[in-house]
Structure formats: C-alpha cells, structure tokens
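A.B. asks: Take these sequences, add in the hints, and give me the full structure.
One-letter residues, chain by chain:
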Amino acid sequence: MKINVMQDVLQANDRIAADNKQLFQKNRNLVLNLMSSPGAGKTSLLEKTAERLAGKLRLGVVVGDIETTRDADRLSKFNIPAIQLTTGTACHLDANMVASALPHLQLDKIDILVVENVGNLVCPAEFVIGEDYKIMILSVTEGDEKPLKYPLMFHESALLLINKIDLVQYTNFNLEEAKANARRINPDIDIIEISCTGGTGLDEWIVWLTAHYQKKLGDLTHA
Amino acid sequence: MHEMGIAQNILDIALNAANQEGATKITRIDLIAGELRGLVPMQLSFCFSIVAKDTIASGAYLNIEEVPVTGHCNACNSDFPVEEYQYLCPKCASTKIQVTGGTELRLKDIEIE
Numbered sequence: 001m002k003i004n005v006m007q008d009v010l011q012a013n014d015r016i017a018a019d020n021k022q023l024f025q026k027n028r029n030l031v032l033n034l035m036s037s038p039g040a041g042k043t044s045l046l047e048k049t050a051e052r053l054a055g056k057l058r059l060g061v062v063v064g065d066i067e068t069t070r071d072a073d074r075l076s077k078f079n080i081p082a083i084q085l086t087t088g089t090a091c092h093l094d095a096n097m098v099a100s101a102l103p104h105l106q107l108d109k110i111d112i113l114v115v116e117n118v119g120n121l122v123c124p125a126e127f128v129i130g131e132d133y134k135i136m137i138l139s140v141t142e143g144d145e146k147p148l149k150y151p152l153m154f155h156e157s158a159l160l161l162i163n164k165i166d167l168v169q170y171t172n173f174n175l176e177e178a179k180a181n182a183r184r185i186n187p188d189i190d191i192i193e194i195s196c197t198g199g200t201g202l203d204e205w206i207v208w209l210t211a212h213y214q215k216k217l218g219d220l221t222h223a
Numbered sequence: 001m002h003e004m005g006i007a008q009n010i011l012d013i014a015l016n017a018a019n020q021e022g023a024t025k026i027t028r029i030d031l032i033a034g035e036l037r038g039l040v041p042m043q044l045s046f047c048f049s050i051v052a053k054d055t056i057a058s059g060a061y062l063n064i065e066e067v068p069v070t071g072h073c074n075a076c077n078s079d080f081p082v083e084e085y086q087y088l089c090p091k092c093a094s095t096k097i098q099v100t101g102g103t104e105l106r107l108k109d110i111e112i113e
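Note that the protein sequences, when read in sequence, are chains A and B. All residue numbers for the first sequence refer to the working numbering, where the first residue is 1 and numbers rise by one. All residue numbers for the second sequence refer to the working numbering, where the first residue is 1 and numbers rise by one.
Just so you know, these hints were derived from the structure itself, not from any lab. Computed from a predicted structure; not experimentally measured. Just so you know, even glycine gets a beta-carbon here, dropped at the ideal spot from N, CA and C. One or more hints might be untrue.
What the hints assert, rightly or not - Examples of chain B residues lying across from chain A (beta carbon under 7 Å, computed):
#, residue
1, HIS2
2, ASN9
3, LEU15
4, ALA17
5, GLY38
6, GLN86
7, TYR87
8, ASP109
C.D. replies: Here is the structure:
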C-alpha cells in the first residue's frame with residue numbers, strides 16, 4: 001500500500017531554527033552563521049572582530065567543533081561570551097545544537113551573535129540555525145576554483161571574506177577568477193578581501209557588520 | 001557526511017507515517033532531492049540502510065528522484081534550466097535570477113505492508 005507523505009525532510013530542524021530566530025528577534029540580536037574550511041581563519045576573524053567592536057557593539061560567539069574547547073578558550077581572552085559546542089562526530093551544527101547553547105548566553109546583553117560552524121565547505125550550508133545571514137571565509141591557500149566545487153555554500157552566503165590576502169603573491173590563487181566564480185554562483189554576494197594577521201580589509205568588514213546590525217534593528221522597528 | 005543526519009530524518013518521518021497506518025513493514029520510500037542539496041544518492045542509500053537496521057524500514061528501497069536546478073528571470077520573465085550553477089539568464093543575460101527548483105528535499109511517499 002502506498003501512502004502519500006509529502007513532508008520536508010529537514011522540517012524538524014527548520015522548526016527549531018524558527019524558534020531560535022524568534023528568540024534572537026526578541027533580544028534584538030543580529031545572528032551570523034560563519035562557515036569555511038578548517039584553517040581558513042574563522043577564529044582569527046572573531047578575535048580581530050572582538051578587538052575592533054570592543055566598547056561599540058557587544059559580540060557573542062557560539063563555536064562548533066568536533067572535539068576540544070580550544071576555540072572558545074582563544075575567544076574568552078577577549079572578554080566576550082563564547083560557548084563551545086563539541087559535536088562529537090557531526091560535521092556541522094544544526095538548529096537543535098545551537099538551541100542547546102542559547103540558555104548559557106545572556107542574549108539580551110549581546111548585539112551580534114556569531115555562530116562559528118564546524119570547518120567544512122559542504123554540510124553546514126544544508127542546515128539553517130535561525131541566522132539572519134550565512135557568511136563564509138575562503139582563504140587564498142585553498143584555491144580559486146572552490147566556488148565551483150562547493151556551489152551551495154557560495155550560493156547561500158551573503159558575504160564572502162577572502163582571507164590571507166597578504167599571502168596571495170606566494171600562491172597561484174587568481175583573485176579575479178575567484179571573485180568571478182563566486183559571482184557566477186551568487187551574483188548578489190558581497191566580497192571583502194581581508195588579512196587577519198596584517199589587518200587588510202578588517203575596517204571594511206566592521207562596516208559591513210555594523211551596517212547589517214543597523215539594518216536588522218531597522219527591520220525590527222518596522223516589523 | 002550530512003547524508004547520515006538526513007538519512008535519520010528520512011527514517012523518522014517514514015516510521016511516523018507508517019505507524020499512523022499500523023504498518024508492520026516499509027518496503028519503499030520515495031524521496032525528491034534537489035540538485036542544490038548536493039546529496040550523493042549512493043551514500044544516502046548506504047546511510048539509510050544503516051540507520052534503518054532493526055526497524056520496520058530495514059531493507060526498504062530508497063528511491064531518490066533528483067530535481068535539476070531551474071531559474072526564473074525577474075527581468076524578462078523567462079524560465080530556464082540552470083546549467084553548471086551559472087545564475088545568468090540565457091535570454092537577456094540578467095543576473096536577477098530566482099531559483100525555482102533544485103532546493104527541494106521532500107519525502108514524497110512510502111510503500112507499506
């Protein structure tokens with residue numbers, strides 16, 4: 001006997017993500033889902049961001065890793081609330097894992113919450129967690145063809161940060177090609193070249209961040 | 001390996017639907033999977049066979065219907081298949097493209113005994 005089901009496979013996740021989103025709206029948080037390969041510079045970016053936002057906007061971080069609390073340890077030095085989720089074997093964070101971290105944060109004392117996803121260019125793009133925007137880092141040592149190899153993540157991201165730009169001269173990474181490849185997949189994607197060690201582009205990143213935070217507040221007021 | 005988590009979700013939905021009908025066995029599951037989901041059918045079937053073990057869905061055939069990516073041009077209103085993830089209108093070269101297909105991930109129906 002055939003039974004018609006017609007259910008979205010990820011509806012359980014989507015429902016929890018919607019609950020997370022409601023909680024974030026109530027607390028007026030801008031929430032970013034930060035994704036990249038392992039070693040592209042997610043935690044370094046957050047360290048630099050914490051430095052530059054200090055005294056201006058309050059940053060909070062949820063960080064996902066398969067094992068260890070090293071990333072949260074790195075971030076706690078900056079006096080920002082950082083909750084570590086160890087995912088065990090899971091290669092991505094889902095809405096439920098993020099929901100489990102939220103009671104440990106004082107969301108009403110956070111302006112911008114960044115969820116640092118597990119380093120992986122495939123799986124994290126599949127699962128919404130209640131974020132306003134997905135953003136991603138591609139570092140120049142990874143190769144300019146990555147947008148074509150991992151289209152979903154580039155398609156879903158509002159912002160692409162090209163990191164380690166100070167190393168580009170030592171690699172065969174073609175910057176224009178990388179940008180063209182990303183825009184072929186996602187014509188609307190914003191792109192900023194940065195160097196977390198050298199400081200290039202970080203001001204522009206903070207401007208992007210602040211503008212999107214203001215936009216979120218504006219949207220909440222008009223909602 | 002997001003296939004494992006997705007396989008578990010498919011199993012949960014199928015078991016739930018089968019239980020409501022009082023079924024003793026699930027023999028087939030029909031899934032609609034958009035190309036943008038980046039699922040590897042062979043891997044998904046393998047993961048499903050593992051999570052379904054020792055349930056009434058053990059041994060069920062997982063049929064995966066893949067849906068290609070399609071787009072709608074907001075500039076000239078044409079609909080077209082999106083080749084190689086190039087979001088460019090083949091008629092008017094606009095990049096104002098709305099994705100109309102290829103992101104689905106839906107459990108369509110199940111066959112039970």
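A.B. asks: Please go over all the hints and tell whether each is borne out by the structure.
C.D. replies: Each hint, compared with the structure:
no.	hint	result
1	HIS2	holds (4 Å)
2	ASN9	holds (5 Å)
3	LEU15	violated (11 Å)
4	ALA17	holds (5 Å)
5	GLY38	holds (5 Å)
6	GLN86	holds (5 Å)
7	TYR87	holds (6 Å)
8	ASP109	holds (5 Å)
The structure is inconsistent with hint 3 alone, although it conforms to all the rest.
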